[in-house]
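Novice: When you get a sec, could you build the whole thing from the sequences and use the hints?
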Amino acid sequence: MFEIVNARELTNNIYLMDVKAPRVAKSCEPGQFVIVIMDETGERVPLTICDYDRKAGTVTIVFQTIGASTQMMAKLKKGDSFKDFVGPLGCASELIEEDIESLKNKKILFVAGGVGTAPVYPQVKWLKEHGIDADVIVGAKTKDMLILEDEMRKAAGNLYITTDDGSYERKGMVTEVIKDLVQNQGIKYDCCIAIGPMIMMKFVCLLTKELDLPTIVSLNPIMVDGTGMCGACRVTVGDEVKFACVDGPEFDGHLVNFDEAMKRQQMYKSEEGREILKLQEGDTHHGGCGHCGGEK
Amino acid sequence: MVIVSKKVPVREQDPKVRATNFDEVCLGYSKEEAMQEAERCLNCKNPKCVSGCPVSIDIPGFIQEVKNGNIEQASKIIGEASALPAVCGRVCPQESQCEGKCIVGIKNEPVSIGKLERFVADWARENNIKPERPAKTNGHKVAVIGSGPSGLTCAGDLAKMGYEVTIFEALHEPGGVLVYGIPEFRLPKAGVVAPEIDNVKALGVEIETDVVIGKSITIDELLEEEGFEAVFIGSGAGLPMFMGIPGENANGVFSANEYLTRNNLMKAFDSKYATPIITGKKVAVVGGGNVAMDAARTALRLGAEVHVVYRRSESELPARVEEVHHAKEEGVIFDLLTNPVEILVDDNGWVKGMKCIRMELGEPDESGRRRPVEIAGSEFELELDTVIMSLGTSPNPLISSTTKGLDVNKRKCIIADETLGKTSKEGVYAGGDAVTGAATVILAMGAGRAGAKGIHEFLSSK
Ligand SMILES: Cc1cc2nc3c(=O)[nH]c(=O)nc-3n(C[C@H](O)[C@H](O)[C@H](O)COP(=O)(O)OP(=O)(O)OC[C@H]3O[C@@H](n4cnc5c(N)ncnc54)[C@H](O)[C@@H]3O)c2cc1C
Ligand SMILES: Cc1cc2nc3c(=O)[nH]c(=O)nc-3n(C[C@H](O)[C@H](O)[C@H](O)COP(=O)(O)OP(=O)(O)OC[C@H]3O[C@@H](n4cnc5c(N)ncnc54)[C@H](O)[C@@H]3O)c2cc1C
Ligand code: SF4
Ligand code: SF4
Ligand code: FES
Ligand SMILES: [Mg+2]
Numbered sequence: 001m002f003e004i005v006n007a008r009e010l011t012n013n014i015y016l017m018d019v020k021a022p023r024v025a026k027s028c029e030p031g032q033f034v035i036v037i038m039d040e041t042g043e044r045v046p047l048t049i050c051d052y053d054r055k056a057g058t059v060t061i062v063f064q065t066i067g068a069s070t071q072m073m074a075k076l077k078k079g080d081s082f083k084d085f086v087g088p089l090g091c092a093s094e095l096i097e098e099d100i101e102s103l104k105n106k107k108i109l110f111v112a113g114g115v116g117t118a119p120v121y122p123q124v125k126w127l128k129e130h131g132i133d134a135d136v137i138v139g140a141k142t143k144d145m146l147i148l149e150d151e152m153r154k155a156a157g158n159l160y161i162t163t164d165d166g167s168y169e170r171k172g173m174v175t176e177v178i179k180d181l182v183q184n185q186g187i188k189y190d191c192c193i194a195i196g197p198m199i200m201m202k203f204v205c206l207l208t209k210e211l212d213l214p215t216i217v218s219l220n221p222i223m224v225d226g227t228g229m230c231g232a233c234r235v236t237v238g239d240e241v242k243f244a245c246v247d248g249p250e251f252d253g254h255l256v257n258f259d260e261a262m263k264r265q266q267m268y269k270s271e272e273g274r275e276i277l278k279l280q281e282g283d284t285h286h287g288g289c290g291h292c293g294g295e296k
Numbered sequence: 001m002v003i004v005s006k007k008v009p010v011r012e013q014d015p016k017v018r019a020t021n022f023d024e025v026c027l028g029y030s031k032e033e034a035m036q037e038a039e040r041c042l043n044c045k046n047p048k049c050v051s052g053c054p055v056s057i058d059i060p061g062f063i064q065e066v067k068n069g070n071i072e073q074a075s076k077i078i079g080e081a082s083a084l085p086a087v088c089g090r091v092c093p094q095e096s097q098c099e100g101k102c103i104v105g106i107k108n109e110p111v112s113i114g115k116l117e118r119f120v121a122d123w124a125r126e127n128n129i130k131p132e133r134p135a136k137t138n139g140h141k142v143a144v145i146g147s148g149p150s151g152l153t154c155a156g157d158l159a160k161m162g163y164e165v166t167i168f169e170a171l172h173e174p175g176g177v178l179v180y181g182i183p184e185f186r187l188p189k190a191g192v193v194a195p196e197i198d199n200v201k202a203l204g205v206e207i208e209t210d211v212v213i214g215k216s217i218t219i220d221e222l223l224e225e226e227g228f229e230a231v232f233i234g235s236g237a238g239l240p241m242f243m244g245i246p247g248e249n250a251n252g253v254f255s256a257n258e259y260l261t262r263n264n265l266m267k268a269f270d271s272k273y274a275t276p277i278i279t280g281k282k283v284a285v286v287g288g289g290n291v292a293m294d295a296a297r298t299a300l301r302l303g304a305e306v307h308v309v310y311r312r313s314e315s316e317l318p319a320r321v322e323e324v325h326h327a328k329e330e331g332v333i334f335d336l337l338t339n340p341v342e343i344l345v346d347d348n349g350w351v352k353g354m355k356c357i358r359m360e361l362g363e364p365d366e367s368g369r370r371r372p373v374e375i376a377g378s379e380f381e382l383e384l385d386t387v388i389m390s391l392g393t394s395p396n397p398l399i400s401s402t403t404k405g406l407d408v409n410k411r412k413c414i415i416a417d418e419t420l421g422k423t424s425k426e427g428v429y430a431g432g433d434a435v436t437g438a439a440t441v442i443l444a445m446g447a448g449r450a451g452a453k454g455i456h457e458f459l460s461s462k
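Top to bottom, those sequences are chains A and B.
Counting along the first sequence from 1, when you hit position 269 you're at 269 in the numbering used here, and nothing is skipped either side.
Counting along the second sequence from 1, when you hit position 290 you're at 290 in the numbering used here, and nothing is skipped either side.
Some hints here could point you the wrong way.
Taking lysine-lysine and the DSS-like style, the derived pairs with C-alpha atoms no more than 25 Å apart in a straight line are [unchecked claim]:
#, chain 1, residue 1, chain 2, residue 2
1, A, LYS83, B, LYS189
2, B, LYS267, A, LYS75
3, A, LYS263, B, LYS355
4, B, LYS136, B, LYS6
5, B, LYS189, A, LYS263
6, B, LYS282, A, LYS269
7, B, LYS272, A, LYS83
8, A, LYS26, B, LYS404
9, B, LYS272, A, LYS269
10, B, LYS267, A, LYS83
11, A, LYS20, A, LYS78
12, A, LYS77, B, LYS272
With the C-beta cut set under 7 Å, the calculated list includes, among others, these residues of chain A facing chain B [stated by the list, open to error]:
#, residue
13, ARG23
14, VAL86
15, THR227
16, GLY228
17, GLY231
18, ALA232
19, GLU260
20, TYR268
The hints are simulated quantities; they were obtained by calculation from the structure and are not laboratory data.
Where a beta carbon is used, it is the ideal one built from N, C-alpha and C, also for glycine.
Specialist: This is the structure in C-alpha cells:
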C-alpha cells in the first residue's frame, strides 16, 4: 500500500497528492510517469510525476477528474492509500540528459495546457535549480482552471498566462502567445516543450513547424501495463511505430501522427460511459447498459 | 497384463455452456477415476516418460502411489521435482513431452500423466498439504526478477536451501503469464495459481510487486546497494510483435497480450472491475499458437464470432492439440492457409475488415515445416470489427539495456548457460522465456531450477 501523505484540490476538479513511494522517489526524473491503482477492482491509471522529494520518499501527482477512475481517486484523503503505485516509467525528459553547459546557451520555451501544467513544472523547476531560466506559456480554459501559478512563477523565467475566455491575464490560445513572442517580439527559441491536451499539442506543432522551432511533446495514449508488454500505447512517429510507455512518453512533435493518436485515445469512449453510469447509479445500477449482464 | 487401450475420460464442461462462461473447461479426475487411470501405467524400469519431462518428475513413482490411493505420498514425490504441479498438470504440452514418450502410447493412448498430476496437486491443495519452511535461513540474500514460473521455481528452490529470497515483480500481481496471459477457463487464478504462489511464500520467499527492474531500481543497485549477493532474471518474453501491415494502428486492433491482460489480470469480463475491453461482434485472431487459442476463446466467451486466421494448415498449428480441439468444440472458426495483408479502416478510425490472401504449402523451411507461399491473385476481404494480433513475443530490453555487462543475442534474449543459468555478468543468472524466447511453463521451471543450482554453487564457493 502507498500512503497519501498530502491531498488537496488545486482548483475545480484538479487534485494534487503526495504519495509515499520511496523506490519511485529515489529513482525518478522529470518527464517520467507512474501507474496507480486505487483498489482491488481498480484500473491502471497512468499519471505524470509532477514533483518528488527523495528525502521524504514522496512523489507528487496532479490529476483531473474525467472518468470513473479519476472521480473515485478524487475522494481519497490524506492517510488513505493507493493499492499500487508503480514507477518511474518511461524515459526521462531529454533535456536533463543534455550537457548543462550547452543547455545554458539555449533559449527554451515551455508550453503547458490545462493539467499539462503539472508535468511541465518539474522540468522548469529542474532547469531553475541548474541555473537556467526558461520561458513558460500556460494556457487554461478559465481563471478557475489555472493550477500551480505561484510555483511556476518561482521556477520560470518569463511566465505568460493565457485563458480561453480572457478571465485572467491574456485572452486566447497558447498558439497566439507563441506567435506573439516569436513573430512580433522576435524572440529566438532553440527548442519548445509542449505538454497538454493532444489537440493543443497538435496545433502547437503545426505552428512551430512553420516557425522552424524544434518541439518535444509528451504523449498520453491509452496504456495498460506501462512496461512495453501490451502495445496499447502505440503511436506513429515519423514512419515508425513506437510504444509510448517505453520509447516515450516524450517524442519529436513534428513527427507525431496526432490524428491517429487522437482517434486511439477515444477507443474506449462508450465503455467509459458505462463505467461512469455504474459509478453514478451505485447500487441502483441494474443494467440497461447491455454490458454487465445486470438485466439478466 | 491387458492394457485398457483408452485413457479414463476426463469430465469437461459442455462446450455450449462453457462458451459463455469463464469457469474451468476441464473438471479433472475424481479419486476413483485417477486410481483407475493409474492402473494403466506399466511402472517401467526404464521409464521413457521421465525423460520427456523437463524437470524429471518421478512419474512411475507418483503414479504407483496414486494406484494404491496414497495421494499425499504421491504429492510429496511430485513436490521433489516441481513447484507448480497444479499448473503443469493443466498447461504442459504433455502430448509432446511426458505422454509423448510413454511406452503405452506406442500401441494405445498414453497414460494420462498430466491429468494424474493435476489430480494429485488439486487433492493436496484441497487437503491443505503445504511445503515446510526451512527451520533457519543461511543469511545470504538473493534477488529474483519476475514472478512467472521460472522466477517462482528458482525462488522456491533457493528458499528450500536456506537463502533469503525476494522476488521483484513489475505488475501488481505475481504469477507472470500464468496470471496475465493464460485465461481463467484453463487455469483458475484464485483457485489454482494463487495457492501455488502461496506455497512459494510459505517457504519464506518475499514478493515485492510494483517494482520494475531497470526503472525503479537496477540490477547493479540491487547488488551494490541492497545487499543481494546474486540475482536470477526470469523476466519472460513479454514484448508483443505486430505484422507491420497498413491499418494496424486502427481502433479495434490489439495485441493478444493487451486483450488477455485486460481480461485475465485486469478482469474485464467481471463487471465489478473498472477495466474496459472491446468485446467485438466479429473478431479475427491472427496466429496459431497457444496464445492465439486463448485470445480466440476469450473473445468467444465475451460474445463474438471468432475466426482464427493462420497462414499454414491445421497440422502446423503450434498450439497444443487439446486447445485446438476445445476451441473447435466451442465454435471458433479456423480460416487456415490465409494471411492478412491489410487492415481496412472506416472514416472514424475503426477496423471494418481485413484484406487477406490465400496461401499454399511449399518446400519445408529451417523449422522443418512446409513454408506457406501466397497464391497470386487470391486476395479477399473479411468483414470484421476487431483484430487480435498473436504473432509471438520477444524479451523486453528493459533489463538488458540497463545492466552493465549483461550480454544478449540478436533476438534480445539474455545469453545464459543451460545447466546453471550463468550469464556474462558475475553473480547474475537467468532462465525461462527471457533466455529462450517464448517457450513453455515447464521449460521455464526447469531453467529456474538450474538457476537456483547455479546460484547455490556460486555462493557456496565464494
Ligand atoms: C503517460 C501519461 C501521463 C498522464 N499524466 C496525467 C496527469 O499527470 N494528469 C492527468 O490528469 N492525467 C494524466 N494522464 C491521463 C490519465 O491517465 C487519464 O485521464 C485517466 O486514465 C482517465 O481515467 P478515468 O477512468 O477517470 O477516465 P475514463 O472515462 O476512463 O477516460 C477518459 C479519457 O482518459 C483517457 N484514458 C482512459 N484510460 C486511460 C489509460 N488507461 N491510459 C491513458 N489514458 C486513458 C482516454 O483518453 C479517455 O478517453 C496521463 C496519461 C498518460 C498515458
Ligand atoms: C497466452 C499464453 C498462453 C500460454 N499457454 C501455455 C501453455 O498452455 N502451456 C505452456 O507450457 N506454456 C504456455 N505459454 C508459455 C508460458 O506461459 C511461458 O513460457 C512461461 O510463462 C515463461 O515463464 P517465465 O517465468 O520465463 O516468464 P513469464 O511467465 O513471462 O514471467 C515473467 C515475469 O517477469 C515480470 N517482469 C518482466 N520484466 C520485469 C522487470 N523489468 N522487472 C520486474 N519484473 C519484470 C513480468 O511482469 C512477468 O510477471 C503461454 C503463454 C501465453 C502468453
Ligand atoms: S511437469 Fe509437465 S512434462 Fe513433467 S510430468 Fe508433469 S505434465 Fe508431464
Ligand atoms: S512410460 Fe508410461 S507406462 Fe512407463 S512408467 Fe511412464 S507413464 Fe508409466
Ligand atoms: S502500455 Fe502496454 S506497452 Fe505501453
Ligand atoms: Mg477509466
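Novice: Evaluate each hint against the coordinates.
Specialist: The hints, checked one at a time:
Taken as a hint, the A:LYS83 and B:LYS189 pair is honoured in the structure, with Cα atoms around 19 Å apart against an allowance of 25 Å. Restraint check for B:LYS267 and A:LYS75: satisfied, since their Cα atoms lie roughly 23 Å apart, inside the 25 Å limit. Note on A:LYS263 and B:LYS355: the hinted pairing holds, with a Cα-Cα distance of about 22 Å set against a maximum of 25 Å. Between the alpha carbons of B:LYS136 and B:LYS6 the distance comes to roughly 48 Å, so the proposed pair goes past 25 Å and is violated.
Straight-line distance between C-alpha atoms of B:LYS189 and A:LYS263 comes to about 34 Å, which puts the hinted pair past the 25 Å bound. Restraint check for B:LYS282 and A:LYS269: satisfied, since their Cα atoms lie roughly 20 Å apart, inside the 25 Å limit. A threshold of 25 Å between alpha carbons decides the hint, and for B:LYS272 with A:LYS83 the separation of about 16 Å falls inside it, so the pair holds. With a CA separation close to 20 Å, the supplied pair A:LYS26 and B:LYS404 stays within the 25 Å bound.
A distance of roughly 18 Å separates the Cα atoms of B:LYS272 and A:LYS269; the hinted pair therefore holds under the 25 Å criterion. Between B:LYS267 and A:LYS83, the direct Cα distance comes to roughly 16 Å. Compliance with the 25 Å bound is thereby established for this hinted pair. With a C-alpha separation of about 11 Å, the suggested pairing of A:LYS20 with A:LYS78 holds against the 25 Å cut-off. This hinted pair checks out: A:LYS77 and B:LYS272 have alpha carbons roughly 23 Å apart, not beyond 25 Å.
Taking 7 Å as the C-beta cut-off, the interface hint given for A:ARG23 holds, the closest approach to chain B being about 5 Å. For A:VAL86, the interface hint holds, since its Cβ comes within 7 Å of a Cβ in chain B; the closest pair sits about 4 Å apart. Evaluation of the A:THR227 hint against chain B yields a held restraint, the C-beta minimum of about 5 Å falling below 7 Å. Hint on A:GLY228 holds. Least Cβ distance to chain B is approximately 5 Å, under the 7 Å limit.
Hint on A:GLY231 holds. Least Cβ distance to chain B is approximately 4 Å, under the 7 Å limit. Against a cut-off of 7 Å between C-beta atoms, the interface hint on A:ALA232 holds, since the closest Cβ of chain B lies about 5 Å away. The beta carbon of A:GLU260 comes within 6 Å of a beta carbon in chain B, closer than 7 Å, and the hint placing it at the interface holds. Taking 7 Å as the C-beta cut-off, the interface hint given for A:TYR268 holds, the closest approach to chain B being about 4 Å.
Checked against the numbered hints given earlier, the structure breaks hints 4 and 5 and satisfies all the rest.
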